[in-house]
Amino acid sequence: MLKQFLLFSQPHTVNKQMDYQFKDIEQKWQKFWADNKTFRAENKTNKPKYYVLDMFPYPSGAGLHVGHPLGYIASDIFARYKRLKGFNVLHPMGYDSFGLPAEQYAIQTGQHPSVTTEDNIATYRRQLDQIGFSFDWEREVRTSSPNYYKWTQWIFIQLFNSWYNKDADKAESIAKLVEHFETKGSAGINAVCDEEILSFTADEWKAMSEYEHQAELLKYRLTYLRESTVNWCAALGTVLANDEVKDGFSERGGYPVEQKKMTQWSMRITAYAQRLLEGLDTIDWPEPLKEMQRNWIGKSVGASVRFPLASPKSSPKERTSEEDNNSLSFGEGRGEASYIEVFTTRVDTIFGVSFVVVAPEHELVASLTTPEQKADIDAYIVQTKKKSELDRMADTKTVSGAFTGSYVTNPLNGDKIPVWIADYVLAGYGTGAVMAVPSGDQRDYLFAKHFNLPIIPIIDIQNIEVEADPTKEGKYINSDFMNGLGYKEATAAVVAKLEALGLGKAKVNFRMRDAIFGRQRYWGEPVPVYFKGGLPYLIGEEHLPLLLPEIDKYLPTETGEPPLGRATDWKHPEGEYELSTMPGWAGSSWYWYRYMDAHNDKEFASREAIEYWKDVDLYIGGSEHATGHLLYSRFWNKFLKDIGKVVEEEPFKKLINQGMIQGRSNFVYRLIDDMGKGTNTFVSHGLIKDHKTSPLHVDVNIVENEVLNLNKFKEFRPEFADAEFILENGKYICGVEVEKMSKSKFNVVNPDELIARYGADTLRMYEMFLGPLEQSKPWNTNGIEGVFKFLRKFWRLFHDADWNFIVVNEAPTKAELKSLHKIIRKVEEDIERFSFNTSVSSFMIAVNELTDLKCNKRAILHELVIALAPYAPHICEELWVLLGNDAGTISTAAYPKFNPAYLVEDEFSYPVSFNGKMKTNVSLSLTMEAADIEAAILANADVQKYLDGKTPKKVIVVKGRIVNIVI
RNA sequence: GCUCAGAUGGUGGAACUGGUAGACACGCAGGACUUAAAAUCCUGUUCCCGUUAAAGGAGUGCGGGUUCGAUUCCCGCUCUGAGUACCA
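Counting from 1 along the first sequence, just add 287 to a position and that's the residue number in our numbering.
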């Protein structure tokens, strides 16, 4: 009995000690890399630089799930590969550690957000470390640490001290603007600024008070205060950016969001709209993502046109355009202007205008409304206000509106045109007023039909029987001097005429708004500003960082001020500090520069470091940041370039979006009795059609290949400890559904568990093996065994059956060299086009081939280990050292050189197809020319059989590829 | 509605410039080893028809087209996913 036990258990024990021991290997090398700072990047070398960046994470309390590392693994493989290719690689990691969740946790528990953040970062770090990333941790950044946000505040100061000079098409210093005002007054300044700016001479400027100076300059600064309509979320107690609001609800938490007027810090990103648009053509980003940014920027080329108000007393026909012109008073008497300005992209249709519509919120509405119409208009405005943003969007079919009683005149033919209000016109876009051309615009068409307004055809081929026809083809009719012209000439003619009359001009409009830059929250960067006499002043750069003060509670004050209002002893000598903090995107809009020189306390990064690293060569992250982080980062980068602090116009040369990993939920099916109550019996998925059941989520970690582990299920749900199971083929098969990965659905797969079971190298390769990096897919652990088996097979190439290391120095055979060089070339090609899944397959093929060849030659395995090292760094380090190399040196070994000579073949098995259908193969020498090939093929017995005595009509021979016979 | 991406075996996917469709892996089936199980190894596996083998037919969402030849190019459609929307 004892003897038998020993015999049985011995090989098992030996296995345990000598087989591929991923746990020991991985821990050993992770410690070695950390102790020896193997992946430290130098800011000065003679190697070419390569900067590989991941979008840094917000350290959430839930830790990493299996979807998070996908992009990090890809970028790590790439970074390691580039090191082998002789580059000095910067591959850093950090944390975007300001944000709402830590603050909400603080509100609930009273725990300081910095403590929560610290804990979460520790978890992240532990999880990241055990995947074996080659990050240079000495360069770690945290946006919430004072020596980081000091520089975020510093950039804010630079923005405050700058204005946008349209003539130079760049940002310039406010000092330069002041100098201009002092010498030449406001004349000759072409700036991106507020709408209502003063016009003054140099002397008038000098005569102004300090208060007047500052108030005026604020209208020019790139970061400025403005009363604006904001997305206010009462539940979160803060303002949200447009991209944080989805269908009228907050993206985080799903709380209702309303429009509210508030004085807010804003960033003049609109100054950069054109450059942000043009820059897209110079960078290698996924087309859909560029498209999203283009849509967000929303450039439309058109014209603004002024429709003079028709005095109710005088007939519009009697007025000359000269009189209209004289009566215009630009920019004064707000609320009683003498014209309505509209924006249109189809100014060529101006003779088809049969009414003008202004938004209900338009500032002229009150003055336009005649006493007889006042009741109607007021009722309509009330009705509009009642409708929520959501209703207004959902309800695009119902036509509604009200007549103001006023008229304007068409600036080109003097026609009297009624002015309506309607909620299909948005106050926030263009001028908040449109010229309605029912024949060309469907919304105008429906409106005209509903309220019985004229529909004037203006193009000869227009068909407006049932709907508007926005065609640009055909010749104009009913259009005065434009009759007979085509679209292009007509547009040019109208613009010229309007400009001559001073009633319109060509104009480019952008949909993008200035970015709100303030949150009424605690856990963010304090704005380095205090208020004196109601105006903002910067604190001196030498006083940075302005530290976030301690407060007793993380809630707004009793008077409704932001949490910072609770801080005691937090006051500038000359006034009160700003109480709002910066938004989440502030810290992430420049962090890639901090990695270049993370410990600099004199500058955000040294000139030297910036000139060396320049920009990010490869950036990997999710597409959900398309119109947030990625747009703001480009904006700040362009600004920093304008003020001479960085060297590149675009920060991220190449960008890849990794796909989203969705959850894959498993279900068990509980039998329901006749009373509709759940029983204690569960039915396997294949049999549920014969029973009445209700599905129940089951933890995916106790299911393997859809087979439920019954014992673990009883542990997972103790209330079903004595449950019965109706099995199929002796197994309980679970159902499957793709859902979001979340705790409540029990479909979260934690990388820790997979690493414990298979090791980091297996996890890394499996995540890559799942499919193309950019494709979204549900997580499925089912195939991971295959990758694990591959690594064990790879390990076995180096060992005999008793796990002795058996690599020999014999010269490799032709077949072995061929396998090796195939993989060298393939991996190089695949990695350069980010096709990681196919390179994993190729490694499997190579190892399968070499196993069949029983290859244990050093010359082959040495090179193979280097090629695989970026993917499975731990096992490769171990084997590298077993091969007799120095520990840690594989990271900078030279990637094997591909030699095409080893792949040269002298024979090729030509596929022979008949009418394009492959039928047989004929092996021929590759040196044969087409005519010989044709003769040889036709003489082949197999081919003769298929020809069946017929003469081919045509024979296509592609040398080295295929032969196609047409019969 | 508009814009973009996609659709290939039971499953994840491969086929890069139009040239042998289904690589690689999972799963499944059968076998070897084992008292047994696990592990490991071997064989098969697009579908239909053929009881082995051979042979044949169909086949990359659907319908057409270009071509000697189409998963790949063109036209039209269906479906799925993502983004976006009274944007004048």
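Check each hint, because a few of them may be wrong.
With a straight-line Cα cutoff of 20 Å, these simulated EDC-like cross-link-like pairs (lysine to aspartate or glutamate) come out [stated by the list, open to error]:
#1 Lys547 x Asp454
#2 Lys1109 x Glu1221
#3 Lys1101 x Glu1221
#4 Lys331 x Asp884
#5 Lys819 x Asp856
#6 Lys372 x Glu936
#7 Lys1232 x Glu1221
#8 Lys794 x Glu1194
#9 Lys819 x Glu776
#10 Lys1064 x Glu911
#11 Lys940 x Glu1119
#12 Lys928 x Glu895
#13 Lys331 x Glu898
#14 Lys762 x Glu776
#15 Lys858 x Glu895
#16 Lys453 x Glu1194
#17 Lys1105 x Glu1061
#18 Lys548 x Asp481
#19 Lys463 x Glu497
Source of the hints: derived by calculation from the structure; they are not laboratory data.
Structure-based check of each hint:
1. Between the alpha carbons of Lys547 and Asp454 the distance comes to roughly 35 Å, so the proposed pair goes past 20 Å and is violated.
2. Annotation: proposed proximity of Lys1109 to Glu1221 is violated, straight-line Cα distance about 30 Å (limit 20 Å).
3. As the CA atoms of Lys1101 and Glu1221 are separated by approximately 30 Å, the hinted pair breaks the 20 Å bound.
4. Simply put, Lys331 and Asp884 have alpha-carbon atoms about 12 Å apart, close enough for the 20 Å limit, and the pair holds.
5. About 18 Å separates the Cα atoms of Lys819 and Asp856, which keeps this hinted pair within 20 Å; it holds.
6. The suggested pairing of Lys372 with Glu936 is violated, with an alpha-carbon distance near 27 Å, which exceeds 20 Å.
7. With a CA separation close to 16 Å, the supplied pair Lys1232 and Glu1221 stays within the 20 Å bound.
8. Only pairs whose Cα atoms come within 20 Å are accepted, and Lys794 paired with Glu1194 is rejected, the gap being roughly 68 Å.
9. For the given pair, Lys819 sits about 56 Å from Glu776 by alpha-carbon distance, which is inconsistent with the 20 Å threshold.
10. Restraint check: the Cα-Cα separation between Lys1064 and Glu911 comes to about 16 Å, which is no more than 20 Å; the hinted pair holds.
11. For the given pair, Lys940 sits about 15 Å from Glu1119 by alpha-carbon distance, which is consistent with the 20 Å threshold.
12. At roughly 15 Å between alpha-carbon atoms, Lys928 and Glu895 fall within 20 Å of each other, so this suggested pair holds.
13. Between Lys331 and Glu898, the direct Cα distance comes to roughly 11 Å. Compliance with the 20 Å bound is thereby established for this hinted pair.
14. At most 20 Å may separate the alpha-carbon atoms for a hinted pair to count; Lys762 and Glu776 meet this at roughly 10 Å.
15. Pair hint Lys858 plus Glu895 does not hold up; C-alpha atoms about 37 Å apart against a cutoff of 20 Å.
16. Note on Lys453 and Glu1194: the hinted pairing is violated, with a Cα-Cα distance of about 67 Å set against a maximum of 20 Å.
17. Taken as a hint, the Lys1105 and Glu1061 pair is broken in the structure, with Cα atoms around 31 Å apart against an allowance of 20 Å.
18. With a CA separation close to 17 Å, the supplied pair Lys548 and Asp481 stays within the 20 Å bound.
19. Proposed proximity of Lys463 and Glu497 is supported: the alpha carbons are some 17 Å apart, at most 20 Å.
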